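S.K.: So the protein lines, in turn, are chains V and W.
Taking numbering that gives the first Met the number 0, the leading residue of the first sequence gets 0, the next gets one more, and so forth.
Taking numbering that gives the first Met the number 0, the leading residue of the second sequence gets 0, the next gets one more, and so forth.
Since the hints were derived computationally from the structure, they do not count as laboratory data.
In this text the structure is predicted, and so the values were computed from the model without any measurement.
Careful, some of the hints might be misleading.
As a list, the in silico EDC-like pairs of lysine to aspartate or glutamate whose alpha-carbon atoms are at most 16 Å apart [what the hints assert, rightly or not]:
id, chain 1, residue 1, chain 2, residue 2
1, V, Lys27, W, Asp9
2, V, Lys56, V, Asp96
3, V, Lys117, W, Asp9
4, V, Lys116, W, Asp114
5, V, Lys117, W, Glu121
6, V, Lys116, W, Asp9
One side only, chain W facing chain V, incomplete, derived with CB under 7 Å [said to hold, decoys possible]:
id, residue
7, Arg30
8, Glu32
9, Ser36
10, Gly40
11, Tyr73
12, Asn75
13, Ala122
14, Leu125
Ideal Cβ positions, reconstructed from N, Cα and C, are used throughout, including at glycine.
For reference, the chains in residue letters:
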Amino acid sequence: MKSASISVLHYKGKLSFERIGILLNDLKNKKETYQINPVLYKKLLTLMIEILENVLKYSDHFEVFVMHNPDYQPEFELNLNDAGFVLTSRNPVRDKDKNAISHRIDKINTSEVEELKKFYRDTITNGIFTEKGGAGLGFIEMAKITTNSIVYSFQPIMKGFSYFELTLHINHLGEENHG
Amino acid sequence: MDNLIIPATDFTPSVNFVIESGQLELSGVSRPEDVASFYEGPLEWLCKLEESVQDKPEYKYEIPELRFSFKMTYFNSGSSKYMIQILRVLRNLIRTGVEVKIDWYFEEGDDKMQDDGEDMAEAVELNFNYIEF
Chain V
0 MKSASISVLH
10 YKGKLSFERI
20 GILLNDLKNK
30 KETYQINPVL
40 YKKLLTLMIE
50 ILENVLKYSD
60 HFEVFVMHNP
70 DYQPEFELNL
80 NDAGFVLTSR
90 NPVRDKDKNA
100 ISHRIDKINT
110 SEVEELKKFY
120 RDTITNGIFT
130 EKGGAGLGFI
140 EMAKITTNSI
150 VYSFQPIMKG
160 FSYFELTLHI
170 NHLGEENHG
Chain W
0 MDNLIIPATD
10 FTPSVNFVIE
20 SGQLELSGVS
30 RPEDVASFYE
40 GPLEWLCKLE
50 ESVQDKPEYK
60 YEIPELRFSF
70 KMTYFNSGSS
80 KYMIQILRVL
90 RNLIRTGVEV
100 KIDWYFEEGD
110 DKMQDDGEDM
120 AEAVELNFNY
130 IEF
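Take the sequences, apply the hints, and build the full model.
M.R.: Structure, rendered in structure tokens:
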């Protein structure tokens with residue numbers, strides 16, 4: 000039986016630096032209601048920043064598309080279920096970027112802890128920034144924090160674009176999974 | 000050299016680089032809208048210090064031991080790449096004979112912040128002092 004899920008945060012619409020600040024503030028305001036301990040709060044905060052800043056960084060790729068297809072605005076959800084918190088983002092991506100995204104996430108998902116640490120060290124020291132000035136560390140950070148696989152999918156929506164869904168799971172206490 | 004003082008904002012850390020005391024501190028939240036632009040100032044200041052020591056080796060005897068404190072509440076992954084650049088300059092200073100100590104602060108129970116420090120220290124092959132506060 001599927002466990003009941005409570006919506007903690009939900010946003011669908013244009014994303015901006017200011018909007019991310021508002022969403023982070025919303026999380027802060029929900030800390031007590033959902034009894035989020037300080038360690039877990041810090042992890043959720045970092046995950047939200049990495050997810051949302053990543054979507055924002057590439058939003059110029061789909062701004063015009065979304066203007067004509069408002070159903071595919073970026074979306075972010077934070078839900079709580081019996082197992083813990085679930086963070087989900089959805090946004091359009093260009094089909095030509097799908098392989099690079101899949102390759103990166105698959106590499107992270109199949110890495111052992113030590114490999115992931117090495118990947119992180121190599122990436123943080125390589126001095127390379129993405130075309131949008133990103134560090135290329137976002138997905139690695141997500142995997143390090145959650146210690147769970149990054150779940151993702153692409154739903155074809157129109158020629159040239161797919162709707163990308165990214166889901167992260169983190170347990171109630173923010174503790175790491177072992178084994 | 001002039002000191003470099005930048006007050007904190009909701010999105011950027013405070014920078015307190017005081018050459019007379021050797022106390023250099025980066026403190027607070029770091030998720031600047033333009034991360035490259037924010038870190039340009041602190042990096043330039045540190046590179047200038049490195050150049051001063053390289054141009055005039057005896058300068059290292061005129062400055063006190065440097066103590067760099069990272070007192071971060073949280074930082075995004077973009078910021079971490081610039082913090083690595085800061086650490087590289089500190090490593091260069093150490094190699095030129097300047098005494099540099101690096102303190103990495105983390106809040107009680109904040110394992111992630113401690114881990115981040117350990118990863119960075121390992122990445123640049125420097126020793127950090129870890130201080131819980």
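S.K.: Are the hints correct? Go through all of them and say.
M.R.: Structure-based check of all given hints:
Using a Cα cut-off of 16 Å, the hinted pair Lys27 of chain V and Asp9 of chain W holds, with the two alpha carbons roughly 14 Å apart. For the hint pairing Lys56 of chain V with Asp96 of chain V, the CA-to-CA distance comes to about 14 Å; that is within 16 Å, so the pair holds. Straight-line distance between C-alpha atoms of Lys117 of chain V and Asp9 of chain W comes to about 32 Å, which puts the hinted pair past the 16 Å bound. About 11 Å separates the Cα atoms of Lys116 of chain V and Asp114 of chain W, which keeps this hinted pair within 16 Å; it holds.
The hinted pair formed by Lys117 of chain V and Glu121 of chain W meets the criterion: a straight-line CA distance of about 10 Å does not exceed 16 Å. Straight-line distance between C-alpha atoms of Lys116 of chain V and Asp9 of chain W comes to about 30 Å, which puts the hinted pair past the 16 Å bound. The beta carbon of Arg30 of chain W is positioned within 7 Å of a beta carbon in chain V (closest approach about 6 Å), and the interface hint is therefore held. Interface restraint check: Glu32 of chain W against chain V, minimum CB-CB distance 5 Å, threshold 7 Å, status holds.
This hint is violated: Ser36 of chain W has a C-beta 10 Å from the nearest C-beta of chain V, more than the 7 Å allowed. This hint is violated: Gly40 of chain W has a C-beta 17 Å from the nearest C-beta of chain V, more than the 7 Å allowed. Among the interface hints, the one on Tyr73 of chain W holds; its C-beta lies about 6 Å from the nearest C-beta in chain V, closer than the 7 Å criterion. The interface hint given for Asn75 of chain W is met, as the beta carbon of that residue sits about 5 Å from the closest beta carbon of chain V, less than 7 Å.
With its C-beta approaching chain V no nearer than about 4 Å, Ala122 of chain W sits inside the 7 Å limit, and its interface hint holds. Interface hint at Leu125 of chain W: violated, since its Cβ lies 12 Å from the closest Cβ of chain V, which is beyond the 7 Å cut-off.
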